[in-house]
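There are 4 protein chains.
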Amino acid sequence: MATYRISAGLWCLGQTADRFCPTGYSDAASVQEMLRRAGEVRGIEGVELHWDTDFTELSIAEMRDLLKERKLVCSNMNVNTFGYRKWKHGAFTNRDPRLRREAIELATGAVAAARELGCSVGLWLGADGFDYPFQVDYRKQWELTIEGIRTVAQVDPTVDIGIEYKLKEPRNHMQIGSVGKALYVCHEVGLENVGVALDFGHALMSREDPADSLCLLARSGKLFNVHFNDAYREWDDDLVPGTINLWETVEYLYYLKVTDYRRWIGLDMFPFREDPVEACQLAVDNIKAMLRLAEAIDQKVLEKAQKTMDAIATQRAVRGVVFRE
Amino acid sequence: MATYRISAGLWCLGQTADRFCPTGYSDAASVQEMLRRAGEVRGIEGVELHWDTDFTELSIAEMRDLLKERKLVCSNMNVNTFGYRKWKHGAFTNRDPRLRREAIELATGAVAAARELGCSVGLWLGADGFDYPFQVDYRKQWELTIEGIRTVAQVDPTVDIGIEYKLKEPRNHMQIGSVGKALYVCHEVGLENVGVALDFGHALMSREDPADSLCLLARSGKLFNVHFNDAYREWDDDLVPGTINLWETVEYLYYLKVTDYRRWIGLDMFPFREDPVEACQLAVDNIKAMLRLAEAIDQKVLEKAQKTMDAIATQRAVRGVVFRE
Amino acid sequence: MATYRISAGLWCLGQTADRFCPTGYSDAASVQEMLRRAGEVRGIEGVELHWDTDFTELSIAEMRDLLKERKLVCSNMNVNTFGYRKWKHGAFTNRDPRLRREAIELATGAVAAARELGCSVGLWLGADGFDYPFQVDYRKQWELTIEGIRTVAQVDPTVDIGIEYKLKEPRNHMQIGSVGKALYVCHEVGLENVGVALDFGHALMSREDPADSLCLLARSGKLFNVHFNDAYREWDDDLVPGTINLWETVEYLYYLKVTDYRRWIGLDMFPFREDPVEACQLAVDNIKAMLRLAEAIDQKVLEKAQKTMDAIATQRAVRGVVFRE
Amino acid sequence: MATYRISAGLWCLGQTADRFCPTGYSDAASVQEMLRRAGEVRGIEGVELHWDTDFTELSIAEMRDLLKERKLVCSNMNVNTFGYRKWKHGAFTNRDPRLRREAIELATGAVAAARELGCSVGLWLGADGFDYPFQVDYRKQWELTIEGIRTVAQVDPTVDIGIEYKLKEPRNHMQIGSVGKALYVCHEVGLENVGVALDFGHALMSREDPADSLCLLARSGKLFNVHFNDAYREWDDDLVPGTINLWETVEYLYYLKVTDYRRWIGLDMFPFREDPVEACQLAVDNIKAMLRLAEAIDQKVLEKAQKTMDAIATQRAVRGVVFRE
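Residue numbers (the numbering used here), protein chains in the order written: chain A, 63 to 387; chain B, 63 to 387; chain C, 63 to 387; chain D, 63 to 387.
Don't read these hints as lab results, they were simulated from the structure. A few of these clues could be false.
Intra- or inter-copy, both count: the list cannot distinguish identical chains.
[Claimed, not checked] Simulated pairs of lysine-lysine, DSS-like, Cα-Cα distance not exceeding 30 angstroms: (1) Lys366 / Lys148; (2) Lys319 / Lys202; (3) Lys369 / Lys202; (4) Lys350 / Lys366; (5) Lys350 / Lys369; (6) Lys202 / Lys350; (7) Lys202 / Lys284; (8) Lys350 / Lys362; (9) Lys350 / Lys133; (10) Lys369 / Lys284.
All figures in this text were calculated on a predicted structure; none of them were measured in a lab.
Turn these sequences into a full structure, and let the hints steer you where they fit.
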């Protein structure tokens, strides 16, 4: 059976808030407390962190010690440009050269931290996009997006950079909004160490079949990280995996195996109203259960059915893993 | 030309935040400061307030004085159950009788305040809904929703209660999620003073044509309040009116006139990254400009075209107001 | 274990076509041939028919004989106003009184046929709606919709009329587009024999949770018929049940049981590219398998968890039926 | 003022049908009749044709004569694989090598016809995609898609091939479903004569801002054709341009000018219930009117505002062209 190392975004274990309840649905939690909670979840071996917001009170060395203490490693270092007010109109694409340079510097810091901690870097450019027609000059947006990512990727060719695309939120339109745009950026940047972090719910929001996006990225050798969660398809609901779109999650796991994925799989959820440790535990349990379902699919039988391209034949090849008949 | 008194939700003029930037895209602003800003917007004559969160440091009398000073009145008093952590799983529908009673009590306080200030009450039950299949017993949800609204409406039959429906956010599913459900609740409650507050973007999110929803409510005498904003149809983007869906907003204004609406029209926006006074001013300017477009439609000509039910004929009857030909 | 009589819409077993391939993805099939196919599907005991398009070459008596021969009964008689070019701008709502009268007459014929065959009538008003802003006068639309349904329902109070709501297609906006609007119409019409036919995919398209819609209708005694299929939530994809949204279909079946539904459950699919008998057989097999999953949910345990309103607790209460742990 | 040659898809002028009314909302029309209608629309100088379905009764030479008679030219030759039942499971991606070869041969015929008529080829691969999870092997889908397009493009390097991406319909998922995937395919194929045909409504359906997609394609020199229509964002409604999303269409025209587009602009609509000549005339009139609005935008003023990235500033820079203030 395929085994994957599972990590959790540290944010899954912290305080949640939204625009209607900005003071939060639970108490604020320190990085130490969130790490402690991560350590409590059976099956979690790593965490994804944010640079530099998870390091405001801790040095990299202190973080490493804390991780070690919890028997965790850092699987991915995400660059947090979206949590700073100054970048509200854009980070990598900001038309103010000083703000743009500061964003690149932040990402450069993340690369350095990632090298020290032995992990990849995640670039989810949450601040880069637009809200209204006519608001930005799209020609500049694309130019600056590509230039910025190339600059960051050139800092250290040994550190992998995974672009995490997302259609929208917090901007109404985000610049790198689909798997195809992410691949296009990889191609334009043209560097080996630039790939894509695929988030299940983001793929759904862009109306993709996540397993198809996975195969498209794998085909190009650009699948650098995968995130698990679930959603109702038109927003990044960040629910517990397997609770809404069971079949498409099983399919996602099936193709992870078939394409011989060997990196981390990560939880990226937002348990607004739930206990974070319980939510992560349920996520791990569901992923493991769905992995068993995916493993139970007879690949030869399915591939033979797929040659017919007939939906009934392919459904007959897979449905038994859930319906036991 | 039809004239309407325009109010602004006080929240349009305050600090904005979201789950990725909970510390806000601008500085926190006191109620006094938000009222000062509202007073700066030319064309704004009223504000919608929230009970009790706008009254934590001000008595009702003090609020009235402040409003007077700014030449404003309170047009609607919204019940804020969604900003309190304790109601994260539901307010009117909470299965804990104590929490449910507290929610009803909060709304009862809003009715009293509304009576003192001479305005209606808004019930946007943002906390009542669910996020996952199986999470709640829908039978109880409907029972408690209706019972709660009836209880609040019976507090004072002279105070109008406007139910503001919304499909989702902050819950993935909200209980009163469409114009039809809101009307159903009005019918079940069966009290004269219970009607509906129609939000343009909420209607879009529920995939309604807002003008059709308006006519449906007007037909039943249940159109108690209208909100203006704009959106991309699948989320409550709360953008400035007239910037995305121009035609449907003009149509909305046309039917406000045709159905002889005589209450307030309110701004309900969330200018996350914009100056709030400038955003509200643009909103007022756009509404007034679109009102002129709506007025420029020749009702007789349009109604004659509508008898043919032909889209080309009806488009020919209205397009000139924008295209001037 | 709850058992339901399952019927199939006869159209599930015929030729499929769309706007890009109007000559069809398979050969045309006569009513006799479609009935023969229905008889081949193990577990199908009834069919839903269309008045008058399924009766152009058969009398009601001949239909009854044919049904008997196949060991089938007619479970529901749907009024087909949407297949006639003359009603392209509206049937019940057409502003031309003659066309409107002809639509009512067609429905009246369906009531008579339903009485003879001992079944209910289905009113899916596919032609009534609009495509563009300003195209119709919504005030007239609602007036004529309600007037038309009332007229049809008064023909024979012993024949149940189930309004099947749908957001869109073939019109961009259909007049009765959500569960709430359907309930509103029931209320306005005010007759005992007017209720609602709930279609799983239509509920999804209106962004409802189908089980919630089911409970809302059951609460009012208005759940007259249920349709099964599956979809990706933004269109009426009419796929085989259980292939996309497994959990929500299990939930739908769970609440059918809990609300003690005792009428037919019907297949409403459009197997564009599949063998129709195989597609219906898969549908029946999936529904029976999901019924077993729904039965396996311990109602007491789930209801206890639902009292906490906590998503983790409720997920823990149901997930085992699929994950077997 | 920028002037563009406008063409109409011949299908805009023919019979319309859908799955509920497969016999059509109007009478069948011959190619000759559709061309006659196209000639009646003031402002139309070209037509887009389909290979080989528009040539079943006409030779290429006869078509040229007919076009000349109507003072029209062929602006684009689309390959029709989606109207043939045999390719219901895929054309370029069919797992049956014979069917795949036949699809490539059809496209090769279109290239030859395009060369003779002096136009580009359109590849909207409507049959290539999938409807259910697990139905196809995505790895094969991408391999065959790219291989097929490359083969067709190599037939004649002087004939431009424009890939028209579309999210879905007639398949629930189409393989080339977004602007990014289309660009990715261009990159993988790696031939100068392979580019993209951008359809306004398809961009909306993929939740793109059409003007942003336009700029992305222009940046790569891959904008080979543009289609106009309008839609409600979640389906390919193919409505008359300018009737729903006015601002985004003006923006689309503004960026056509700014990026110095010099090819055809085409109508791609489906006037299901409207007179086709009137619908096309309204479309041309609206496009010309919106072109005037786009021309009225002061590029220097807008670009200065765009440097601030502020939505209020940019709205203030453009709103006057509609609101005249």
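Cross-check of the supplied hints:
1. Taking the closest pair of Cα atoms, Lys366 and Lys148 come within 30 angstroms of each other only across two copies (20 angstroms); inside a single copy the shortest separation is 55 angstroms, beyond that limit.
2. Within a single copy, Lys319 and Lys202 get their C-alpha atoms only as close as 39 angstroms, which misses the 30 angstroms cut-off; across copies the closest is 16 angstroms, which meets it.
3. Taking CA atoms no more than 30 angstroms apart as the test, Lys369 paired with Lys202 passes between copies only; the shortest distance there is 10 angstroms, against 45 angstroms inside one copy.
4. In this assembly of identical chains, Lys350 and Lys366 lie within 30 angstroms of each other by CA distance both inside one copy and across copies; the values are 26 angstroms within and 26 angstroms between.
5. Taking the shortest alpha-carbon separations for Lys350 and Lys369, both the intra-copy value of 29 angstroms and the inter-copy value of 28 angstroms come in at or below 30 angstroms.
6. With identical chains, the CA atoms of Lys202 and Lys350 are at most 30 angstroms apart between copies only, with a shortest distance of 28 angstroms across copies and 44 angstroms within one.
7. Both within a single protomer and between protomers do Lys202 and Lys284 lie at most 30 angstroms apart by alpha-carbon distance, with minima of 25 angstroms and 17 angstroms respectively.
8. Proximity of Lys350 and Lys362 under a CA criterion of 30 angstroms is satisfied in both settings, with 22 angstroms inside one chain copy and 27 angstroms between copies.
9. For the identical chains of this complex, Lys350 and Lys133 are intra-copy neighbours only, at 20 angstroms inside a copy versus 46 angstroms across copies, given an alpha-carbon limit of 30 angstroms.
10. In this assembly of identical chains, the alpha carbons of Lys369 and Lys284 lie at most 30 angstroms apart only when taken from the same copy (26 angstroms versus 33 angstroms across copies).
Checked against the numbered hints listed earlier, the structure breaks none of them; every hint is satisfied.
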